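Fit chain B to the known structure of chain A by using the hints.
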Amino acid sequence: MSEALEDTGETGIGAPVRRREDLRFITGNGNYTDDLNQPGQLYAVFCRSPYPRARIDGIDCDDALAVPGVVAVYTGQQMVDDGIGDLPCGWMVKSKDGADMLSSPHPPMAATVANYVGEPYALVVAESLQAAKQGAESVYADFTELHVVVDLATATASDEIYEGIPNNLAYTWALGDEDATRMAFAKAAHVTTMDLTNNRLIPNAIEPRACLGMFESATGDYTLYTTSQNPGLERLVLSAFVQVAPEHKLRIVAPDVGGGFGSKIFIYAEETAVIWAAAKANRPIKWVAERSESFLADAHGRDHITHAELAMDEMGRFTGLKVQTTANLGAYLSTFGSSVPTYLYGTLLAGQYKTPNIYVEVQGAYTNTAPVDAYRGAGRPEATYVVERIVEQAARELGKDPADLRRMNMIQPEEFPYETPVALVYDTGNYEASLDKALDIIDYAGFEARRAAAAEQGKRRGIGFACYIEACGLAPSKLAIELGAGVGLYESGEIRVNPTGSVSVFTGSHSHGQGHETTFAQVVSDKLGINYDDIDIIHGDTGRMDFGLGTYGSRSLAVGGSALVAAADKLIEKGKKIAAHMMQATPEQVTFEDGQFTLQDSNQSMSIQEVAFASYVPADYPEDLEPGFAEKAFYDPNNFTYPAGTHIAEVEVDIETGVVSLEDFVAVDDFGHIINPLIVHGQVHGGVAQGAGQAIMEHGIYDEYGQLQTGSMMDYTMPRADDLPDFKVDTTVTPCTHNPLGVKGCGEAGAIGSPAAIMNAITHALGIKDISMPATPEKVWRAIGGNS
Amino acid sequence: MKVTLTVNGTEHAVEVPANTLLVDLIRVNLQLTGTHVGCDTTQCGACTVHLDGRAVKACSMLAAQAEGAHVTTIEGIGDPENLHPMQAAFREHHALQCGFCTPGMIMQAIDLIDNNDGLDSQTIREGLEGNICRCTGYHNIVRAIESVANAS
Chain A
1 MSEALEDTGE TGIGAPVRRR EDLRFITGNG NYTDDLNQPG QLYAVFCRSP YPRARIDGID
61 CDDALAVPGV VAVYTGQQMV DDGIGDLPCG WMVKSKDGAD MLSSPHPPMA ATVANYVGEP
121 YALVVAESLQ AAKQGAESVY ADFTELHVVV DLATATASDE IYEGIPNNLA YTWALGDEDA
181 TRMAFAKAAH VTTMDLTNNR LIPNAIEPRA CLGMFESATG DYTLYTTSQN PGLERLVLSA
241 FVQVAPEHKL RIVAPDVGGG FGSKIFIYAE ETAVIWAAAK ANRPIKWVAE RSESFLADAH
301 GRDHITHAEL AMDEMGRFTG LKVQTTANLG AYLSTFGSSV PTYLYGTLLA GQYKTPNIYV
361 EVQGAYTNTA PVDAYRGAGR PEATYVVERI VEQAARELGK DPADLRRMNM IQPEEFPYET
421 PVALVYDTGN YEASLDKALD IIDYAGFEAR RAAAAEQGKR RGIGFACYIE ACGLAPSKLA
481 IELGAGVGLY ESGEIRVNPT GSVSVFTGSH SHGQGHETTF AQVVSDKLGI NYDDIDIIHG
541 DTGRMDFGLG TYGSRSLAVG GSALVAAADK LIEKGKKIAA HMMQATPEQV TFEDGQFTLQ
601 DSNQSMSIQE VAFASYVPAD YPEDLEPGFA EKAFYDPNNF TYPAGTHIAE VEVDIETGVV
661 SLEDFVAVDD FGHIINPLIV HGQVHGGVAQ GAGQAIMEHG IYDEYGQLQT GSMMDYTMPR
721 ADDLPDFKVD TTVTPCTHNP LGVKGCGEAG AIGSPAAIMN AITHALGIKD ISMPATPEKV
781 WRAIGGNS
Chain B
1 MKVTLTVNGT EHAVEVPANT LLVDLIRVNL QLTGTHVGCD TTQCGACTVH LDGRAVKACS
61 MLAAQAEGAH VTTIEGIGDP ENLHPMQAAF REHHALQCGF CTPGMIMQAI DLIDNNDGLD
121 SQTIREGLEG NICRCTGYHN IVRAIESVAN AS
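Each protein sequence line maps, in turn, to chains A and B.
Just so we're aligned: 743 in the working numbering is position 743 of the first sequence, and the numbers increase by one with no gaps anywhere.
Just so we're aligned: 18 in the working numbering is position 18 of the second sequence, and the numbers increase by one with no gaps anywhere.
These are computed hints drawn from the structure, not numbers from a lab.
Heads up, a few of these hints could be off.
In silico contact screen, one side only, chain B against chain A (beta carbon under 10 Å); selected entries [stated by the list, open to error]:
1) 27
2) 34
3) 36
4) 37
5) 52
6) 88
7) 91
8) 93
9) 96
10) 106
11) 126
12) 135
13) 136
14) 137
15) 140
These figures come from a predicted structure and were not determined experimentally.
Glycine included, each C-beta is placed from N, C-alpha and C at the ideal position.
Here chain A stands alone, though its shape is the one from the complex (with noise of 0.2 Å):
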């Protein structure tokens, strides 16, 4: 462990603190959704289209009403008939002619037609989930098979799948100055053009997605246990849109979730249908995906498929970049899934560059596989892989040290606030400062010496780059809902001092590994000058804590812990004035500093616990002042924040087998000022983890019949201990110019550099343009002249 993360005891800002919510994990005292029960619930099994498109003529549940324990069999179509809504998308995007995106029909469970391999038509409810599972196997949907489109290079020349979206496409979207760009092409003095896939990716957070709904049919109240990265988001949705309960009588608990990496942002089918049905049989209901569930339903990432051409100058300065890319939204528009492909995509294409024309077009298209939405990064995965692998591809061509191609390209510190030519404004950075620190840890001059030592041991051995840029803390609101942005994207924090002067600390955040319950103590902690162990982090239940919108985006700390420095200055600003008035002074005499009202040009000091019990027994108290010590904020930013920094991989290629082998990665990151680098250096290990899986193993395949073929952990290879190296993480910090804490978030960045570094790296070890992602060993091998 390096000097920098030994534990010193500190608690403030900074400190690399051990985290507080190990304790419960690592004793097995972890409280997730699937270790909650109720007295008499009823266990929920779904009946799942094994077709990728079918007409449903009838549904017989006889048989499965007979079997022993089973309690009811619910249809899609009940739930329609009921007046439960779509599963709305969050986000409405327009094409480039002005039209509305072209939006399917989308029924919690699929009521007249399913339209891809597993989507849920019915749900078994029985005493036992033994019973629930035979229930299952008991209900006979008479399906007629209809014509289905898989393949996304030719989904949008195929047969309409829904009537009314001609070509299969939701839109055809586009950003930047086409003309522009266009003759800057035509003056380039060279053009650089790829074409790139960029491969579709199944989440598998370990914890599988699971839900346990109540009902009290004495009150009205509905209460939903789900594994959600973001709970007011899903009450929204489901009391506003989909109408399975008021929203004031619809209560949501995120209670431990085991991880989401995205996939547990979104509103699903399931909860949604066993909410509903716990209210009509009026019982609790549970239901736990098993792992083939996960693969079939939960929302896949990326599957995009680019051609892409950068124009330069004869010095090799980019001066054109034309980007056309075709999307897969899979059967339906999942939560956010037109959001991801366009404007957290399109809007990332400058990269670090000051490449002055950009042009994106996005054809977002339909086909009969799982919906495809957020996954760890978002849209900006995609981005910096277009962009990274076009720039090192420009240097190979132009015959320059890619390094030093990127470098006279980059917008240089002085330079900010940038604007780029796709809608950002980039706050701050220093590039070159992310990229030297990497060059030096790689030791980029001893390179060629370990490529010959490879070369020795019948290994090719490559370097590869990705200097990535992101926009996270997704902002500012009226920006967003401008752009088409169902809500806002502020957060919500609240922080109670209680009468004895501990604190309880509400967010709007949800942590599923990121560690706030540390993290966030930490900033109030160091704001306030209460001792760390006495605040709690509150957070997941919509029941205890204001509107808030979750964990997603690298956003919680950026836009979360700003949230709740805002509530500490209100409770400071209030301080003030009870210390004051008990000093017989004004509040602008009273200065605050660790957790001490003090008197100026005086020896009076009053602490923020006297202050705090002197507001809840208020007898010497200021006249126009409310009792009670607990304030709350709202934040909004004013901008995204843009983590940036450069990645470098090292992989040797075993030319007999194909077999890659990540041999060393190097990760230098901006994040702005950093809370808990124990936590930061964690987040960017398992982003580089799964980017590496992405690059090497990963890839969600449908064989032409619309079948997941990669359905279990036997088929999607995810990256094992040891398919990876130690990891070689460091930061650079230039603070966010536009928030409190001068943050950025940490989040993402590692599956956001990582495929475009081990991508460039392979290519430039096997001396080819391009190989498509995952690079696995019978890739390669036939790559590099293998028997094909």
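Relative to chain A, chain B alone:
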């Protein structure tokens, strides 16, 4: 059928259907929910427990196969006031994030330490082949296990 086994030092005689999996006996009948189910098919290792001193995957064996056995689960190796060295090392090295794979990882890691001498980083990585962590990239898990190996 009745299955008699010792779990975390306590003998239990549990009436279960014959097709009950060991992990369900542990989680449902004994309410020891620290042992998790991640994949149902022995791929992920979240359900790893010790059966007569060796790490096994409880999702893929019948409860009846544990008749007469001594089973140790994550709850049986330590508690917050008295952590097992491996539990303490996982916390010290930030070897967990969401915590879902963690009990299985820790049980597998203890098995590795107990049954190997002179563990190095590569041996540890190979020894974790049967346990998937989706959060940590394994880096800190390897560090945690190394620290226990070096201390013992």
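Right, here's what the structure says about each hint:
1. 27: holds, 8 Å
2. 34: holds, 2 Å
3. 36: holds, 7 Å
4. 37: Holds, because the Cβ-Cβ distance from residue 37 of chain B to chain A comes to roughly 7 Å (cut-off 10 Å).
5. 52: This hint is violated: residue 52 of chain B lies away from chain A, its Cβ roughly 20 Å from the closest one there, beyond 10 Å.
6. 88: holds, 8 Å
7. 91: This hint holds: residue 91 of chain B lies near chain A, its Cβ roughly 4 Å from the closest one there, short of 10 Å.
8. 93: Holds: closest Cβ of chain A sits about 7 Å from residue 93 of chain B, inside 10 Å.
9. 96: holds, 6 Å
10. 106: Residue 106 of chain B check passes; min Cβ-Cβ to chain A is 7 Å, inside 10 Å.
11. 126: Holds - the Cβ of residue 126 of chain B comes within 10 Å of chain A, reaching about 5 Å at its closest.
12. 135: holds, 5 Å
13. 136: Holds - the Cβ of residue 136 of chain B comes within 10 Å of chain A, reaching about 5 Å at its closest.
14. 137: OK, holds: residue 137 of chain B within 10 Å of chain A, min 3 Å.
15. 140: holds, 6 Å
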